[in-house]
Amino acid sequence: MTLSEFDAYRPENEPRRKRRRNRPPGKRRGGGNGDGAREMPMVEDVEFADSYYGRPIVKAPPWDDKISAYLFLGGVAGGSAMLAVGADRIGFDKLRRNTRLTALGATIGGTVFLILDLGRPERFHHMLRTFKPASPMNMGTWILSSFGMGAGVVAAIEVDQLTGQKIPLGVLRKVVYAFEKPAALLAAVMGAPLASYTGALLADTSVPTWNGGKDNLSYLFVSSAAMASSGFALITTPTSQTRPARTFATLGAVAELFFSEKLTADMHPVEAEPLQTGRPARKLRWAQALTIAGGVGAALLSRNRIAAIASGTALATASMLTRSAIMEAGINSTKDPRHVVEPQRDRLAARRAKGIVDDSITTVG
Amino acid sequence: MVDFLERPGELMEAYGQDTERKGFFTDTSICIGCKACEVACKEWNQNPMKGDLEILGSSYDNTGSLGANTWRHVAFIEQGQEQIDKARESGARLVGLGMPAFGAPETREPNTTEDLGMPEFGSPGVRIKNKVDNPPNPDTPEFRWLMSSDVCKHCTYAGCLDVCPTGALYRTEYGTVVVQDDICNGCGTCVAGCPFGVIERRDTGTIHTKPDRVDSRYSMDVKHKGTAKKCTFCFDRMVDGQTPACAQTCPTQSIQYGGREEMVDNAKKRVTAMHEKGLTEARLYGANPNDGVGGIGSVFLLLDEPEVYGLPPDPQVPTKDLPKMYKKVGIAAAGMLAAAATAFLGARKK
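These protein sequences, in sequence, are chains A and B.
If you want the working numbering, it's the position in the first sequence, counting the first as 1, plus 102.
If you want the working numbering, it's the position in the second sequence, counting the first as 1, plus 103.
Quick caveat, the hints were computed from the structure, so don't treat them as lab data.
Note that the Cβ used here is the ideal one computed from N, Cα and C, for glycine as well.
There may be inaccurate statements among the hints.
Claimed, not checked - Covered, in the sense of this in silico footprint (three residues per stretch, anywhere, with C-beta under 8 Å from a C-beta of chain A), are these stretches of chain B: (1) 280-293; (2) 379-392.
Stated by the list, open to error - Pair ranges (Cβ atoms, derived): (3) B/Q149 to A/Y279: 39 to 49 Å; (4) A/A367 to B/G433: 20 to 30 Å; (5) B/Y163 to A/A367: 38 to 48 Å.
Produce the complete structure using the sequences and hints provided.
Given below as structure tokens:
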């Protein structure tokens with residue numbers, strides 16, 4: 103298949119190929135055969151078996167610590183509303199007032215972070231143009247809105263009483279006060295899903311580390327919420343009225359320690375990796391230490407106001423660190439395609455081993 | 104699959120229209136990597152430029168990946184003999200795995216090279232190592248170039264659509280998935296929801312080339328900044344009975360457009376024909392209605408494992424497990440209420 107007579111001057115093809123084949127793999131570049139019969143690789147040999155130039159397969163959502171802060175504040179708000187109802191029942195008026203104010207403050211803060219994170223913040227209300235159970239984000243917006251109404255009413259009443267009825271409610275004052283109990287109850291009941299739905303929000307994604315946490319994220323997040331909200335109560339409220347908050351804090355801290363271990367244990371090892379390396383791992387270690395310190399402090403140091411404030415701060419910080427670690431680990435897990443490919447290959451192989459062979463996306467016919 | 108997740112068929116019935124689900128068949132075995140699809144897509148959809156015209160050092164691919172501003176992406180992969188052999192074996196293994204087979208590939212003599220229509224370099228037949236069917240080797244010896252035009256999959260169960268909290272993403276009467284630019288508020292949930300990493304929020308992008316200045320008389324704004332963007336299947340062309348820009352411009356019919364059923368049929372015929380020729384590396388991606396996303400609207404014929412092209416090997420729509428997740432949400436919420444109640448048990452004002 104010579105194209106011109108000058109090709110006769112070229113060396114024979116066969117020996118040259120043999121030499122090439124004997125070369126160790128990965129040293130193909132620059133063979134310099136330029137006879138046009140075969141193309142030469144233009145890039146260094148890359149390990150293609152696993153990925154396309156090591157580029158991500160799934161994309162990280164455009165979320166950062168604004169969303170972690172929202173997860174944290176949502177938990178604080180939900181837990182505080184529960185503490186407020188309990189405090190109201192047993193007549194702990196300072197605990198009731200402080201938790202109610204915390205609940206509203208955290209709701210407003212969280213909502214602001216949530217809106218700031220949008221690409222088009224002026225369209226935040228579009229979240230409420232539909233009711234869509236298939237979308238945890240949509241469900242969460244409805245939960246947050248109804249929670250906010252309840253928390254808003256009771257917090258307004260507290261502020262009104264604190265300021266000696268300075269809020270210009272006019273004739274509405276009676277109406278608002280009449281709704282105090284139902285509003286408090288609404289906030290407490292919606293506070294629970296407010297703290298737990300965020301588990302589904304993160305798990306219902308293709309982000310490997312979050313999706314791998316679908317069995318535990320909600321449990322971890324309510325534990326974290328209990329811990330953080332009672333931490334705030336310990337900070338704001340005199341020790342005479344914090345006994346329930348201390349119990350709540352201890353329960354939360356124990357559960358948080360348990361579920362943060364279980365979270366990684368239940369995942370595919372490659373999905374768990376982003377939680378065990380780099381900054382997320384350091385954050386989690388700090389969170390663990392602070393949870394233990396704060397939990398022990400809350401449980402044992404009952405009379406000392408300074409110790410209570412220190413324990414509360416430790417618990418709240420631990421909760422924020424946990425949320426931030428999970429946020430960052432999730433985003434890191436999208437960057438390396440290995441976190442996507444390996445668990446998927448393994449589950450495909452596991453199904454094939456079980457004899458399920460009709461559900462592969464790759465087929466031949 | 105989960106009941107509350109919508110799928111194309113249902114919605115199209117609900118619309119009361121007799122439109123059929125449309126699809127692409129991207130046959131990567133005849134893609135020549137000209138990127139005309141990328142250009143046509145950008146031009147028709149007026150998508151902004153991404154990045155600063157960098158060279159990525161990945162063969163001829165300087166686009167990188169699909170994203171908010173890139174709705175067709177041509178991948179370039181350079182492979183040696185070892186990888187070709189591996190691809191051929193992995194494809195051959197797929198035969199007989201569950202999916203309806205088309206009969207075993209014909210056994211041929213090793214040196215047969217007729218009817219391939221390929222220029223012959225050396226004597227490829229003798230170097231075949233594949234023991235499955237001893238096919239002729241139609242590739243350039245020791246080297247091949249994979250080129251594949253990737254696009255939004257328009258899944259049967261679309262993760263982005265399911266998790267969208269505003270309803271901005273919706274299923275059209277053609278079974279495709281489209282973002283409404285004036286509804287999306289850029290929350291980014293869909294970006295995380297997509298198992299293929301297709302949809303993205305348009306946070307960057309420019310319509311200015313380097314010599315331009317913002318005050319140039321050609322200056323204009325990047326459209327729909329801050330909202331999620333992805334392939335619309337050229338919905339605006341489709342409603343007028345036109346072919347999407349990428350398929351219209353494709354010079355090799357590597358990108359085919361038509362009814363989804365017809366596309367899947369074409370794909371199956373093509374992969375069968377290729378296997379019969381001994382090209383056992385050929386396989387379909389997304390033609391199986393039982394897979395984790397219920398099959399995709401834009402079916403591909405690939406010549407190696409999906410991950411080689413940057414596609415996930417076993418994608419699953421995350422909402423598939425949502426009922427289970429909601430159950431956990433409920434249990435967690437109940438647990439938290441119970442813990443709070445416990446905390447107040449026995450506590451009385453002193």
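Hints, one by one, checked against the model:
1. 280-293: Our answer is that it holds, as 7 residues pass the Cβ test (under 8 Å) against chain A, meeting three.
2. 379-392: Satisfied; 7 residues make the cut.
3. B/Q149 to A/Y279: 39 to 49 Å: 57 Å, violated
4. A/A367 to B/G433: 20 to 30 Å: 23 Å, holds
5. B/Y163 to A/A367: 38 to 48 Å: 45 Å, holds
Hint 3 alone, counting from the list given before, is not met by this structure.
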